[in-house]
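Participant: Sequence:
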Amino acid sequence: MNPQAKLISTSSLLLGTTITISSSHWMMAWTGLEINTLAILPLISNPHHPRAIEAATKYFLVQAAASTLLLFSSTTNALFTGQWDITQLTHPTSCLLLTTAISMKLGLVPFHFWFPEVLQGSSLMTSLLLTTAMKFPPITLLLMASPSLNYTLLTTMAIASTALGGWMGLNQTQIRKILAFSSISHLGWMTIIIIYNPKLTLITFYLYCMMTAATLLTLKTTKILKLSTMMTAWTKIPSLSATLMLALLSLAGLPPLTGFLPKWLIIQELTKQEMTPTATIIALLSLLGLFFYLRLAYCATITLPPNSSNYMKQWRTNKPVNTLTATLTTMTITLLPFSPMILSML
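One rule links them: number in this note's numbering = place in the sequence shown (from 1) + 270.
Keep in mind that the hints were calculated from the coordinates and are not lab data. Possibly wrong hints are sitting among the right ones.
[What the hints assert, rightly or not] Quick list of in silico lysine-lysine cross-link-like pairs, DSSO-like style, CA-CA up to 27 Å:
id	residue 1	residue 2
1	K506	K496
2	K276	K447
3	K496	K328
4	K328	K490
5	K533	K469
6	K328	K542
7	K542	K469
8	K493	K447
9	K328	K276
10	K490	K447
11	K276	K533
12	K533	K447
13	K506	K469
14	K506	K490
15	K447	K328
16	K493	K506
17	K493	K276
18	K506	K447
[What the hints assert, rightly or not] Restraint-style ranges between C-beta atoms, simulated for each label pair:
id	residue 1	residue 2	range
19	P468	L331	28 to 38 Å
20	P526	K469	16 to 26 Å
21	M271	E324	13 to 23 Å
22	T357	T546	27 to 37 Å
23	T541	H295	16 to 26 Å
C-beta atoms are modelled at their ideal positions from N, C-alpha and C, and glycine is treated no differently.
Generate coordinates for the entire structure from the input sequences, incorporating the hints supplied.
Facilitator: Next up, the structure:
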């Protein structure tokens, strides 16, 4: 990609995100979301492959529909109440439309169909942007409008997202699709608690971004895109394969790794709010995700390809590991002992 075009796209992404997260007026928030959508399209379609073009088209259509719903929601609210402020969304129809619009933006069930397909058609670095940075503006809008959201709809979609993210990930062999369903499952955890403790949603989102970034940067370094290549990649950089296994287990939420912290806090908060059945259901559904993460971890370090035919071993590379990758991976593995400090931010 042309460096100037890449610079313009990246700058527009930063601009769009900044406009959305700092605005209090619905029109400005909508403008920021539109800038973001248009800025990411060249990055998705950059490989000039039919799959990438298809992914960009799907992404554009879904995001355009979600933006239309969001604009319709805010306009309806302004029509009935005279308020354009994000925190003053009070009309029931507007609240329902906003919940639907942001769910489409994020990829919550049942509006999740576009997300795995778009991620599969993108490069690993674009996938990193789509799973982390592009989720930030909608999550911010969700936080600001959380008192006026339709909670029954949100809870139903959150539990469905956790269930479907786990079920659909079980049968996948493509790493990017597995990470897409993992993202859907994590979003379910974030949205179920947003009414009761919005700060906890934000901390969960930050930790999820950190763990996903560490995983995707490691995959980019080792050039892994599917399970079959993951099985032979351990000969390239053995130490990185070992830390990849720990990062994946952290995403699964196993103690004593960082990923256990948000799940523990969310279950604790749900129990405090006398929602023990919901907490039990969502904890049991996370076992589905644990299964496919264990499969990934197993393929990353423990197993050789289960066949007797010859295969080409990867040459061990002497290329040094990126400092950012090393830092993020270390934090992904070791942040749980710092949970009192993280809790003090709540």
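Participant: Next step is simple, just say for each hint if it's right about the structure.
Facilitator: Verification of the hints:
Taking the CA atoms of K506 and K496, the gap is about 16 Å. The hint holds against a cut of 27 Å. Between K276 and K447 the CA atoms are separated by roughly 25 Å; this keeps the pair inside 27 Å, and the hint holds. The straight-line distance between the Cα atoms of K496 and K328 is roughly 22 Å, inside the 27 Å bound, and the hint therefore holds. Our distance criterion of 27 Å between C-alpha atoms is met by K328 and K490, whose separation comes to about 24 Å.
Proposed proximity of K533 and K469 is supported: the alpha carbons are some 14 Å apart, at most 27 Å. For the given pair, K328 sits about 41 Å from K542 by alpha-carbon distance, which is inconsistent with the 27 Å threshold. In summary, the hint linking K542 to K469 is supported, as the alpha carbons are separated by about 16 Å, within the 27 Å threshold. Distance check on the hinted pair: K493 and K447 sit about 16 Å apart at the alpha-carbon level, within 27 Å; holds.
Taking the CA atoms of K328 and K276, the gap is near 21 Å; set against the 27 Å cutoff, the hint holds. The suggested pairing of K490 with K447 holds, with an alpha-carbon distance near 15 Å, which does not exceed 27 Å. Proximity of K276 to K533 is assessed by CA-CA distance (about 37 Å); at most 27 Å being required, the pair is judged violated. As the CA atoms of K533 and K447 are separated by approximately 22 Å, the hinted pair is consistent with the 27 Å bound.
This hinted pair does not check out: K506 and K469 have alpha carbons roughly 40 Å apart, beyond 27 Å. Proposed proximity of K506 and K490 is supported: the alpha carbons are some 13 Å apart, at most 27 Å. Restraint check for K447 and K328: the C-alpha separation of about 15 Å stays at or below 27 Å, so the hint holds. Taken as a hint, the K493 and K506 pair is honoured in the structure, with Cα atoms around 10 Å apart against an allowance of 27 Å.
With a C-alpha separation of about 22 Å, the suggested pairing of K493 with K276 holds against the 27 Å cut-off. A C-alpha spacing of about 23 Å is found between K506 and K447, which places the hinted pair at or below 27 Å, so the restraint holds. A hinted range of 28 to 38 Å for the beta carbons of P468 and L331 is consistent with their spacing of about 30 Å. For the hinted restraint 16 to 26 Å between P526 and K469, the CB-CB distance of approximately 23 Å keeps it satisfied.
Against the hinted window of 13 to 23 Å, the Cβ-Cβ separation of M271 and E324 comes to about 18 Å, which satisfies the hint. For the pair T357 and T546, the supplied restraint of 27 to 37 Å holds, since their beta-carbon distance comes to about 31 Å. Distance hint for T541 and H295: a CB-CB separation of about 38 Å, inconsistent with the stated range 16 to 26 Å.
Violation of the numbered hints given earlier is confined to hints 6, 11, 13, 23; the remaining hints are satisfied by the structure.
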